[in-house]
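K.L.:
Which chain is which? The protein sequence lines are A and B, in order.
Here the first sequence is numbered in the numbering used here, starting from 1 and rising by one per residue.
Here the second sequence is numbered in the numbering used here, starting from 1 and rising by one per residue.
There's no promise every hint is true.
Said to hold, decoys possible - Distance condition first, Cα-Cα at most 35 Å in a straight line; then the derived DSBU-like pairs of lysine-lysine:
1. K59/B with K16/B
2. K132/A with K59/B
3. K22/A with K101/B
4. K9/B with K59/B
What the hints contain is simulated information worked out from the structure, not anything from laboratory work.
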Amino acid sequence: MEILFVLLILMIVGSIIALETKDLLAAVISVGTVGLTCSVAFLFLAAPDIAIVQVVVEVLVLVILIRATINRDTTAISGDREFFGMAVSIVLLFVIFIFGIKVFNDLPQFGQPIIALFSDAPSNTYISRGLKDTGAANIVSSVILDYRAYDTLGEATVLFTAILGALAILRSKARKKQKETGNK
Amino acid sequence: MTGMTLIVKRIARCVKSFIFLYGIYITLYGHLTPGGGFAGGVIIACSFILLILAFGKEKALERISKSLASELDSIGALMFLFIALLGILIGGSFFINFIQKNNPGQDFHLFSAGTIILSNIAIAIKVGSSLFMVFVIFAVLRVVKKGDKFEMIQTEMRDEE
Numbered sequence: 001m002e003i004l005f006v007l008l009i010l011m012i013v014g015s016i017i018a019l020e021t022k023d024l025l026a027a028v029i030s031v032g033t034v035g036l037t038c039s040v041a042f043l044f045l046a047a048p049d050i051a052i053v054q055v056v057v058e059v060l061v062l063v064i065l066i067r068a069t070i071n072r073d074t075t076a077i078s079g080d081r082e083f084f085g086m087a088v089s090i091v092l093l094f095v096i097f098i099f100g101i102k103v104f105n106d107l108p109q110f111g112q113p114i115i116a117l118f119s120d121a122p123s124n125t126y127i128s129r130g131l132k133d134t135g136a137a138n139i140v141s142s143v144i145l146d147y148r149a150y151d152t153l154g155e156a157t158v159l160f161t162a163i164l165g166a167l168a169i170l171r172s173k174a175r176k177k178q179k180e181t182g183n184k
Numbered sequence: 001m002t003g004m005t006l007i008v009k010r011i012a013r014c015v016k017s018f019i020f021l022y023g024i025y026i027t028l029y030g031h032l033t034p035g036g037g038f039a040g041g042v043i044i045a046c047s048f049i050l051l052i053l054a055f056g057k058e059k060a061l062e063r064i065s066k067s068l069a070s071e072l073d074s075i076g077a078l079m080f081l082f083i084a085l086l087g088i089l090i091g092g093s094f095f096i097n098f099i100q101k102n103n104p105g106q107d108f109h110l111f112s113a114g115t116i117i118l119s120n121i122a123i124a125i126k127v128g129s130s131l132f133m134v135f136v137i138f139a140v141l142r143v144v145k146k147g148d149k150f151e152m153i154q155t156e157m158r159d160e161e
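So that you can see chain A by itself, here it is in the shape it has in the complex:
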């Protein structure tokens, strides 16, 4: 479990570099480091499904972001920070930290989900009857595509709508108007 702490420290360092550096390309690359470390952490937490999705999406997003930043000439950001904004964010961080301590005290121990204490909880049903009900050996896909398929349908709809909006805003030519000389 020590390796998890090493990975967490790497992720925190990567995010701080991404926030603080003036170079846009370096910031994008450190965001990529954070994502890759996150995927390795998922692998150590025995969640290979999420690890595969994380690493693949991270690669894709990194390629898109690098293309977006290379095309722009805004590789350097200049200007100092405002004092007021800095003070507000520090105060807000402190408040969230105090609430966070209280929340973390109430959480169950790491690796011992509270749902395992109840024998009739849904997750126990999925684990014990998943293969018999759905026939899928991979229990994650039996949950996301059979027991909780509504969620997957909603996710697919969100993606579809997002692409529709992006295409409508960014398409190269406006849709042809009705011919002004024609039927009107």
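With the hints as your guide, set chain B onto chain A.
P.N.:
Below, chain B alone, put in the same frame as chain A:
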């Protein structure tokens, strides 16, 4: 975009079909091994994005044009919804796994999990084509500095209409 150097082009030509095959494998075996429709679709999209990066977007859009990707996007979403609606017609409730209920396959085999494998294929088609379109949109846009202002310029794109 004219593409990259000869080394990149040669390696991309060798590797692209393997990436595509790996995406199909991840999709089809999503109910047996880690993976699934989403990850497989993203890998399939990555193989086409490799084509765009290495050869330029004209060569990639010859294989899968923008309107074809848009149609595949809609077809994937409708396929997923159609599978869900077939559950009402055959099994009696939305998203019921009617194939597994009526004639279950052998466990731990490729044709085993009923509608899950069909849903995985639908999601892979949908996610792959839509993420490919996102990249095409971003490859087309360019931001150019003019004096103090930044202007978004769209490079010429073939119109399929």
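K.L.:
Run the structure past the numbered hints and jot down the numbers of the failing ones, going up.
P.N.:
2 and 3
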